[in-house]
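Here is what each chain is made of, one letter per residue.
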Amino acid sequence: MSFIILIAAGLLVPVFYKSNIFIAKLIAVLAFIASAYFVYTNQSLSSVFPLFVTDSATKLIEYVLLATLAAVSLSLTGFERPLIAQMLFIAGLSLAILETDNFFVFIVLFESIAIVSYILVANIRNFYNAEGAVKAFIAGAVASGIILLGFAFFSFTTESFTYSQMSVNGKFTLIAVAIMLAGVFYKLTIVPMHAWAADTYSQVNHAAAAILSGVIKSVMLIAIFKAFYKFMIAYPLATVLIFSFFAIITMTLANFMALWQKRISKILAYSSIAHSGYALIPFAAAASVYSYAGVLYYAIAYIFMQTSVFLILNDLRREGGVKFLEDIKGLGIKAPVHAFLFTVQLFSLAGIPLLAGFMSKAVAFYSGVDAGLWPIVLIAVLNSALAVAYYAWIVKHIYFDKPVNNVKLSITPGSLIGQLILLAGTIYFGIFASGVFNATISM
Amino acid sequence: MVAVDIIFAPIFLSVLVYYLTKSTPQYTKYIALGWFIVEFFIAFSWYKDLPQVGFLELGNYLNVPQFGFDLTLRVDALSIAMLLLTSALLILVVFTSWEEKNQAAYFSLLIMFSGPIFGVFMTTNVLWFFIFWELTLVPMYFLVGIWGGEKRIYAAIKFFLFTHVFAMFMFVGFFLLFKQTGYWDLTLIKEAALTTPALIWWLMFLGFAAKLPVFPLHTWLPVAHVEAPSSISVLLAGVLLKMGAYGLIRFTVELMPAATKEFAIWMVIIGLTTTLFAGMLAIFERHIKRMVAYSSISHMGLVVVAVSTMTYDGLSAALYEMIGHALVISPLFLIAGWLHHKTHTWYMDEMGGIMKYAPYASAIFILAGMAALGLPGTMGFVGELTIIVSAIKAYGWWIAIIALGSLISAGYIIWAVRRSIHGEASDTVIKSDFSMTIAEKFALAVFAVLIVYFGINPQPIFDLANQAFGFLGGM
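Going line by line, the protein sequences match chains A and B.
At position 151 of the first sequence (counting the first as 1) the number is 151 in our numbering, and the numbers step up by one without a gap.
At position 435 of the second sequence (counting the first as 1) the number is 435 in our numbering, and the numbers step up by one without a gap.
Derived from the structure by calculation, the hints contain no laboratory data.
Quick reminder that beta carbons are idealized off the backbone N, C-alpha and C, glycines included.
Worth double-checking, as some hints may not be accurate.
[What the hints assert, rightly or not] Facing chain B, a subset of chain A residues (Cβ under 10 Å, in silico):
{"id": "1", "residue": "Phe340"}
{"id": "2", "residue": "Ala350"}
{"id": "3", "residue": "Pro353"}
{"id": "4", "residue": "Val363"}
{"id": "5", "residue": "Gly368"}
{"id": "6", "residue": "Trp374"}
{"id": "7", "residue": "Val381"}
{"id": "8", "residue": "Val388"}
{"id": "9", "residue": "Ala392"}
{"id": "10", "residue": "Lys396"}
{"id": "11", "residue": "Tyr399"}
{"id": "12", "residue": "Ile431"}
{"id": "13", "residue": "Phe437"}
{"id": "14", "residue": "Asn438"}
[What the hints assert, rightly or not] To list a few chain B residues with every Cβ distance to chain A over 12 Å, as calculated:
{"id": "15", "residue": "Val38"}
{"id": "16", "residue": "Phe41"}
{"id": "17", "residue": "Gly470"}
Let the sequences and hints guide you as you build the complete structure.
Here it is as structure tokens:
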């Protein structure tokens, strides 16, 4: 039911774009609220199709996803109006991919989300937009090809595509899964398949980047974890080796790259890549009982903070032409509300306690320690300490430096409400952890 | 509910206070002062309720049963000592920064700081301990970075990164504790057998040692202390450094006594090196505030040695020295910062003859300086004497070289007094205006009275120590 509402709203909304964006936004928000209600009453895809199941963890991430997208749609302006419909489609497809328990359906939805995300970045206004969009498209197309190749191999060895009944034996499966992982890693922006992400995230419209890097990536994290869980349990040694190797190189490289950047959007893009690296630790620690909680917590925290920082940056670029680190000097005086929200979310990304970013890191890293991978966790925590350097550096520009000019920026009511929803999520999940743990108990 | 509110309320209220008093910043300091006084009395009321042995239970909050993770609040005499010290210092810090610029933001950040710092000393849950530990960095980062001196940004970022990086080692150590025991609560972990205590011990020791700080992890401290406004230096020296010492006692001694015994000799070596090395650095320092900062590091070395003995005497000496250090070093910092504010120079050889122009501040500087070098009748004497005695008892006569620390401190304090307080007045001093506000005078007087009072009558602190470390056996 929620799926139908979201898709229908996605088709309906473009009718109102030109005439009145307010109505378009209203329809989108109502659609998100309605589908959240239907998720609550279990009237989702699983009640109609046998290929879908819901559990409490899926429901939790669905609420978070819908709330985030509602927040995003509130803060959009007329310039970004096509995003509203695309977000509704993404929401519908995300709900489906989160609920599916069939590998074939997973691949189909994975590709569908990829296609919508190409449209998402295709709002091309200038040369730089075009570079980002084309990179995203080509990298995505290559990833799709690789995943399909791996899936073709995989389909030889298994009789059923249902997650719990897949047979994952033999070297052939291992090769097939390895090929698929290469494609999946493109989407999760894992080094060395990350090259497109930094340019795309920083050069497309920042609201689109918020959805692409914040929302889609965290949905993918959980969907991929569920899809490959059987494999990860079946081959513990390969899992630990592959995922910890990629986790370490991803976070280390991305953090060092982020340190040198001058463009804020690039810093945030590389920080997003680094976060993919941290998020791989619970994958490596699939043997631990806390791995699912780790992935879920990470996705929840990440969706709030990453979406929020890109949206704030979007506001700042639109209103104040903020692009480089120099431009945000003295933002604490020029735009106090933006500056405060930005700082809180940056601290959350940095992993400062009482914010969701800390708890998510704690749970994800603990799952690593629980699986006996403490040296890798030590590298990860040192990396996240390194990351504090560039987050603190941005905050330094915001509060410690004198403003270059005295242009005051005010926040629009819609954007403020949207940001407050995201802030509430960041703070709530930073203090109250029991909801997430209760949700994963069913796994 | 009081217990959990006293931690969380200030964190969120500070934002509210900031926005409410933005147009009338002159009221923020009264709110801050009132809040800190309330905190002091709450801490005092817990002290009255304290059982003779062990912890006073203040409740469990925010339970996550699947993870065995909840905010357990318990206080014992050691935490109470720290809480009383912290809230008293916070009250005095309000007085010493009475005329700080941009008051709404400054005092809101102080209020924000008071929450997590109480959390650090109140919780017995190691993960929450870490959470509060990290949270104290945020207000400090802004306080140093906005109100500091010329190189404040470098200092703030270095301080933040240094303590954060080393805290991360501790973080992994806490994970390993939970992995091996299944508990986050340190009273429960204590009974469990750890299979790799050496690894966990070193991971934790690194975190605490960087905060203390000991040689060679001390490099953030002189920079942070010099650049921070002097009231914030008081908090850095009086409270943040104590977090390291508190952690050392709570975690290494109480949690892993066997491992501490094994590595005690390392602690002694590190502590001795810190004391002597930082003392030597202080002797060669012309910069008055940096000299005080090195002297502060030097005293922390003594605390490490005292903790490493793991005897009742050693730990109570350490507790006494922790409190003594806070009360002695704070007026030194305040006066050093005040002198800079008035004369616009940091260098002692450009001062001189201040006694004649600012007798009140000079007298207290000399008193605190004498306490720092261990003059009988002041807190410094009792602290250093008990530490040396307990160390000799534990390790034999050779440890008496630690007394060299006092000798060195006599050198730099007396020389500093000679150069800045006495002697010929320089032109800068003659031209300067040495007026002092009533609030500052009051705060300095309180420090001076406490230094002498506890120096002559150390019993109240040793009573607290007796309650805190009674489990280690009698004298």
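A quick look at each hint next to the structure:
1. Phe340: 8 Å, holds
2. Ala350: Holds, because the Cβ-Cβ distance from alanine 350(A) to chain B comes to roughly 9 Å (cut-off 10 Å).
3. Pro353: 4 Å, holds
4. Val363: Interface hint status for valine 363(A): holds (8 Å vs cutoff 10 Å).
5. Gly368: 8 Å, holds
6. Trp374: 6 Å, holds
7. Val381: Because about 4 Å separates valine 381(A) from the closest Cβ in chain B, which is inside the 10 Å limit, the hint holds.
8. Val388: 5 Å, holds
9. Ala392: Holds. Min distance 6 Å.
10. Lys396: 6 Å, holds
11. Tyr399: 6 Å, holds
12. Ile431: This hint holds: isoleucine 431(A) lies near chain B, its Cβ roughly 7 Å from the closest one there, short of 10 Å.
13. Phe437: At about 4 Å, which falls below the 10 Å cut-off, the nearest Cβ of chain B leaves the hint on phenylalanine 437(A) intact, so it holds.
14. Asn438: Result: holds, 7 Å to nearest chain B Cβ.
15. Val38: The claim stands: valine 38(B) keeps its Cβ more than 12 Å from every Cβ of chain A (closest is about 22 Å).
16. Phe41: 26 Å, holds
17. Gly470: For glycine 470(B), whose nearest Cβ neighbour in chain A is about 33 Å away, the distance exceeds 12 Å, so it holds.
Every hint from the earlier list agrees with this structure, and none is contradicted.
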